[in-house]
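Chains U and C supply the protein sequences, listed in that same order.
Each residue of the first sequence is one higher than the one before, starting from 39 at the first, in the numbering used here.
Each residue of the second sequence is one higher than the one before, starting from 147 at the first, in the numbering used here.
Hints are not guaranteed to be accurate.
[Claimed, not checked] Covered stretches of chain U, as calculated for chain C (at least 3 residues, CB under 8 Å): (1) 153-165; (2) 293-306; (3) 341-348.
[What the hints assert, rightly or not] Pair by pair, the computed Cβ-Cβ distance ranges are: (4) C:Thr-293 x U:Pro-281: 39 to 47 Å; (5) U:Arg-306 x C:Thr-410: 31 to 39 Å; (6) C:Thr-178 x U:Arg-306: 52 to 60 Å; (7) U:Tyr-395 x C:His-313: 29 to 37 Å; (8) U:Leu-275 x C:Pro-294: 44 to 52 Å; (9) C:Gly-324 x U:Ser-259: 38 to 46 Å; (10) U:Val-207 x C:Thr-293: 34 to 42 Å.
These are computed hints drawn from the structure, not numbers from a lab.
Ideal placement from N, C-alpha and C gives every residue a C-beta, glycine not left out.
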Amino acid sequence: MTALSTRSTDPDGAPTDRTAPSPGVVGRRLRAILLLGGLSTGLVAVSVIAAGAGAYPIPAAQVAASILDSVGVRLGPLPDGIAETVLWDVRLPRVVLAVMVGAALGTAGAMMQGIFGNPLAEPGVIGVSSGAAVGAIVVIFTGLTVFGHWTIIASSFVFGLLTTLFVYVFARSGGRTEVVTLLLTGIAVNAIAGAAIGLMTNFSQDAEIQTITFWQLGSVSTATWSKVAAIAPCLLLGLAVIPFYARRLDLLALGEGPARHLGVDVERMRLVLIAAMALLTSAAVAFAGIVAFVGLVVPHIIRMITGPGHRVLLPASALGGGLLLLAADLLARTVAAPAEIPLGVVTAALGGPFFFYLLHRTRAKQGGWS
Amino acid sequence: MTTGSLLRRRLASAVTPLTRAPAPPAPLAPGTPVVRAEGVTVRRGGRALLDGVDLTVRSGELLALVGPNGAGKSTLLRALSGDVSGAPAKGERDEGDVLLFDRALGEWTPPELALRRAVLPQEAVVSFPFSVHELVTMGRAPWAGLTPPDLDATRVREAMEQVGVDHLADRRFPTLSGGERARVMLARVLAQDTTLLLLDEPTAALDIRHQELVLTIARTLASRGGAVIVVLHDLGLAAAYAHRVAVLSGGQVAAQGTPTDVFTASLLSAVYRHEVEVLPHPRTGVPLVIPLRSPGCTRKRPQE
């Protein structure tokens, strides 16, 4: 074997560029940088637009000026008193909450697809969102407020974690999940969660029913800074695992055995990522209800652009999820103004057809369900 | 192993990556035992898949595992790599010890083991459409932080050139043919640069040229002080390339030794339950195994 003997030898002793990355690698890296940069820019731009749009419109320049002013940078004219109040008490909490919920759902979806080894896994589809919603609704129904805002998060985290573990154990065989088993498990879990939610709705007072309906349809309309403060640590904790596990998730695509043979402690990774996934999903569900398909649509589009490598996929899914949810919320509250469409309805209307497309593509490509 | 030491091991492995990189392997003297299996017994569903298998593989050696379907070749390879799936049913018990580099398999942490042993599974499955270059680069994952990045890049390139997939570097895995997929996975395993290689039917999807290529690579690695265990169906390939062969039958080692000693017509006919002839190759003397075929199938159709 001649190739074996070429290790770090060169006939002329001259430096060669044979170790230079191939054009494909360079192209992919450039695309990744452009994508992350583009998503960040888009997120900032749409945030400013969304914060200005509504029944009391505020010019984007004033929004930007007011935000920069709060960190001590003077730039152009500030909005008037009413606009300032609307901006800081109503619009900005909502914008920030939407971005955080979207980022949590996008990341949770990408992680879930990685750990399940299945591109169709998504918190809403496999029933984890419903499970977490049951946890949230139990708190509303019983009126528990042991830990303030954290009560709902804690309860939906416990339910979300249990649901994730159940689906994971139930839908897996031989280190992978099959599409059919996973989707059928999701149907069953959603049915059970639906029964629990229905039961609690049936025995609820009118005020509670309204809140419960809000959970089922999904919305960020009741955003406050204290809710933002409650979800932020969950989101940061969930995102903090990305640098440690992105590469290992790549290896897991080879299957559990091969990943272990490449030095990954698969059991530990599974526990950490399932906890992170459940935390992200439940934090999102606790404050925005069931917003389906964000975790499915966003990672897929990003895979199409930069490929499946998780080091780009996970952060890009966080940014992309934030952007998508922010745009969807903007649409939800402006398209039929002054009325508001539930956020979950908008994402489902966008995500449902996309899911069809994915099913069709999976079927056409693999020649069936496997 | 006591529960205490297992717990300590677990704790150590949980903290290790945060505190220090795993120790890279020291070079081995030729002839050092790399794998030792003693009395390995695997029982599943009331059947012994492996029944008291003893096997030793030393550095510098290419060992071929052969035998009929269901003889336990893949199970043995999985037992050697710590991958036996499922748990024994009630009342069943797996027995025996597997030692790699003189340490029990369960006492290695995954990162330490990944620097010493690479495993090529039978099926090449990847959940997401990674590119060939990305997949082969995954083979360098155990060395992250231990070797400089340009050495990693060199090893990846060499591995792809060795098995002839360098021209596919930017292709996505799902777009490859079966043989190309198998070679990409082999390149990944070669890039891992380990002393011990466990290959489960690496030639099953390959044409003649690539079959010979793969076994030449394996033989070269062995001759440089590595140890290779390869599951093969093609007895001709096993006879031509393996230093030693182990014939498995019904979960037991029916015979092991050099191909010339082991490949006899009586043994192979009994194990495969099909009459075979064994002839020495007229030029090289390597045993050729030829199944007996009924005359009607092979004789030329008579001219009318």
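Hints and how they fare:
no.: 1; hint: 153-165; result: holds (count 3)
no.: 2; hint: 293-306; result: holds (count 11)
no.: 3; hint: 341-348; result: holds (count 4)
no.: 4; hint: C:Thr-293 x U:Pro-281: 39 to 47 Å; result: 21 Å, violated
no.: 5; hint: U:Arg-306 x C:Thr-410: 31 to 39 Å; result: 49 Å, violated
no.: 6; hint: C:Thr-178 x U:Arg-306: 52 to 60 Å; result: 32 Å, violated
no.: 7; hint: U:Tyr-395 x C:His-313: 29 to 37 Å; result: 33 Å, holds
no.: 8; hint: U:Leu-275 x C:Pro-294: 44 to 52 Å; result: 34 Å, violated
no.: 9; hint: C:Gly-324 x U:Ser-259: 38 to 46 Å; result: 53 Å, violated
no.: 10; hint: U:Val-207 x C:Thr-293: 34 to 42 Å; result: 38 Å, holds
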